[in-house]
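A.B. asks: Each chain, letter by letter, is given below.
There are 2 protein chains.
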Amino acid sequence: MNNDNGSVGLVQTKTLTFAHPPDELILESGARLGPITLAYETYGKLDSQRSNAILLVHALTGDAHVAGYHTHADRKPGWWDWMVGSGRPFDTDRYFVVCSNVIGGCQGSTGPRSINPATGERYNLDFPMVTIGDMVAAQRYLVDELGIDRLLCVAGGSMGGMQALEWAIRYPERVASVIPIATTSRLSAQGIAFNQVGRRAITADNKWNGGNYGVKPDELPAEGLAVARMLAHITYLSEEAMHAKFGRRLREKERYGFDFSIDFEVESYLQHQGESFIRRFDADSYLYISKAMDYFDLPRQYGSLQNAFAGVQAGFLLLSFSSDWLFPTVHSKEIVRALMVNRKDVTFCEIPSPYGHDAFLIENEAMKRIVPAFLNRMASSGRH
Amino acid sequence: MNNDNGSVGLVQTKTLTFAHPPDELILESGARLGPITLAYETYGKLDSQRSNAILLVHALTGDAHVAGYHTHADRKPGWWDWMVGSGRPFDTDRYFVVCSNVIGGCQGSTGPRSINPATGERYNLDFPMVTIGDMVAAQRYLVDELGIDRLLCVAGGSMGGMQALEWAIRYPERVASVIPIATTSRLSAQGIAFNQVGRRAITADNKWNGGNYGVKPDELPAEGLAVARMLAHITYLSEEAMHAKFGRRLREKERYGFDFSIDFEVESYLQHQGESFIRRFDADSYLYISKAMDYFDLPRQYGSLQNAFAGVQAGFLLLSFSSDWLFPTVHSKEIVRALMVNRKDVTFCEIPSPYGHDAFLIENEAMKRIVPAFLNRMASSGRH
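As you go down the protein sequences, you meet chains A and B in turn. The working numbering puts the last residue of the first sequence at 384; the count rises by one with no breaks. The working numbering puts the last residue of the second sequence at 384; the count rises by one with no breaks.
Don't read these hints as lab results, they were simulated from the structure. Heads up, a few of these hints could be off.
[Claimed, not checked] On the chain B side, residues computed to face chain A include the following (Cβ under 8 angstroms):
(1) Tyr-69
(2) Ala-201
(3) Ala-204
(4) Met-230
(5) Phe-246
(6) Ile-362
(7) Glu-363
[As the list claims (entries may be wrong)] Stretch by stretch, here's where chain B covers chain A in the computed footprint (C-beta under 8 angstroms, at least three residues):
(8) 16–22
(9) 43–49
(10) 171–184
(11) 192–206
(12) 220–228
(13) 259–265
(14) 285–296
[Stated by the list, open to error] Computed far set for chain B versus chain A, every beta-carbon distance over 10 angstroms:
(15) Ser-188
(16) Arg-199
(17) Arg-200
(18) Asn-206
(19) Ala-226
(20) Arg-248
(21) Phe-260
(22) Gln-271
(23) Arg-300
(24) Gly-303
(25) Pro-328
Note that beta-carbon positions come from the ideal geometry of N, C-alpha and C, so glycine has one too.
Produce the complete structure using the sequences and hints provided.
C.D. replies: Listed below in structure tokens is the structure:
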């Protein structure tokens, strides 16, 4: 899937710091946050009219590193590498692509484990709650700093799709188009429930210590975070995909162990997912960002979904995946309906896929056909 | 739903102890277990031909207390009360109904927290792994002791359905009919994955201590067990049911709390499920019984599902529920097909229901129509 032909190659993560006191960002909760640092990467070149910029927005555990490699020794490229590069859907020969780590995150942007300049200590649970809208408000500073008046597109899957929707609603004049993928206008009760159990697993870890854990590996609430990740990972896959990939195959044994060691391939896979996750992600960030997803509710915020979209100017491409049960197609269709009632430019496609919610990171054939055609139409429509 | 008209009234749990050394039960793993105590309840009267006995078999966290009340002060009856009583589907005016707590359990039957007579200490993780087949083998001792040569029916939902299938296969001459409900011939990869995460939540609790925890409330790995239960509970409900029951309604507040306290009704509900569960269930039992479900795989055990059913004599009533995504209808249909290829007497019904897997404990109207008719046919067919 990750063919290096067209790769953006070696890239660096940069940072921007803004909202210095007394001009902090005022969050949806009413709390103030500043200074704020965003970690971000860019690929391609901003054209002279500054009209070719695309902002990519990441999901719960993503980061600014969408594409390319940080070092020659990197074995894995960025999280959406096949989407970004020369000749790829977000074509860096043509577009200037930007991605930043969300606030509340743990991969270079200001989050709960950052140092609170007012105290010289980590925020931990003193960090204010942030929302999807707050994440987008922070991204606007970055877009301003880069000199971009109007983004050609904001695109992302899952929580990235929530951010894309917020961009279109909050800053209608600054977004020519959005591509919300495998997303929703409000997290379902089931989605809230899964998030809650993940958070409970973290806070139940005695090393979590009210959020005030140390930084050494053995001081981290790693067990709780692993459980949260393993649980979430199940919801990112379809039953069909798990059946095809693992079924009930045993792991390096011919018969059941009749003990509590790993018996099945699927157990080994999930355990690996948990273990690799705790090396790259922070428990307090998981609490904050999952809560931001729980709070996302456009109908509540704007009275109705139809009202939410009344003022949008962007063209919309909504994508969903047939086997995604966490953000099912029906949620995308609700958005499509509300946009149509508002007579907006909206294109929708449910992509047939066995891969569940994770399909937005996998289904390259379909997305390589659909996304460039939409971007091309948006770029040539004079919207930008 | 639980109308007391027809209730079996006050009932008592009894016990039977058997498989005394050196005649222990030889488990599927090859390990020996004995003595074994089963906690059980009976309702109704065994007729003079001993031909009217129905064995009910429970799900993961069930117990022997299917129906009626243990004391006048009980606020809740047994777990399938609306199914058992005078004029109810398992009609105690007509049938002799038996239910026992499975081995590995924690509600009166021998399980990991029982005293190992060889050491005078609790088994904890020295308890041997038990399978669904082992649970059924233990039940056979009870059926023998009650003087029942041939059961009119074995019925149960979820893991109870697995036991019903094992009864028909292991003891073909001793079962006139079975009613496996919302079940499968082998747990799915997704089912194994959810069970694994639940177990990991328990073993991650520092109070779990390798299974050797104390008996006082503050010595129990209650947090881990609560997380396991909350997770499992989500899988027992459909998204549709959670949406209808809770949606995104806030819990006793008008606006978001912007902190990590409970915001949503669904969170409050799940938290309550976790808290009430830890008062009635044991963590080590949860490990053992969930593992028994993981191991259940009739095609593996018998070469194929068709082979598994080659020798069965029972009549089958398979029931599934349209919104059950943990034990979906397609799993019941596989069983139906394998039985039909073997030219067995099989009836199948997918009951339309919004309640997900838990529907087998809820859908009383449909089951009150279907189950008595099937039992009547079985009772009058001369099978018993």
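A.B. asks: Work down the list of hints and note, for each, if the structure agrees.
C.D. replies: Hints, verified against the model:
1. Tyr-69: violated (32 angstroms)
2. Ala-201: holds (5 angstroms)
3. Ala-204: holds (4 angstroms)
4. Met-230: Status holds, d = 5 angstroms.
5. Phe-246: holds (5 angstroms)
6. Ile-362: violated (18 angstroms)
7. Glu-363: violated (20 angstroms)
8. 16–22: Our answer is that it is violated, as 0 residues pass the Cβ test (under 8 angstroms) against chain B, missing three.
9. 43–49: violated (count 0)
10. 171–184: Answer violated; 0 residues pass the 8 angstroms Cβ test.
11. 192–206: Check passed, 12 qualifying residues.
12. 220–228: holds (count 4)
13. 259–265: It holds, with 4 qualifying residues against the three required.
14. 285–296: Check passed, 4 qualifying residues.
15. Ser-188: violated (6 angstroms)
16. Arg-199: violated (7 angstroms)
17. Arg-200: violated (5 angstroms)
18. Asn-206: Not fine: 5 angstroms to the nearest Cβ puts B:Asn-206 too close to chain A.
19. Ala-226: B:Ala-226 not clear of chain A: closest Cβ-Cβ about 7 angstroms, inside 10 angstroms.
20. Arg-248: violated (6 angstroms)
21. Phe-260: violated (7 angstroms)
22. Gln-271: violated (8 angstroms)
23. Arg-300: Non-interface label on B:Arg-300 violated, nearest chain A Cβ at 7 angstroms vs cutoff 10 angstroms.
24. Gly-303: holds (14 angstroms)
25. Pro-328: violated (8 angstroms)
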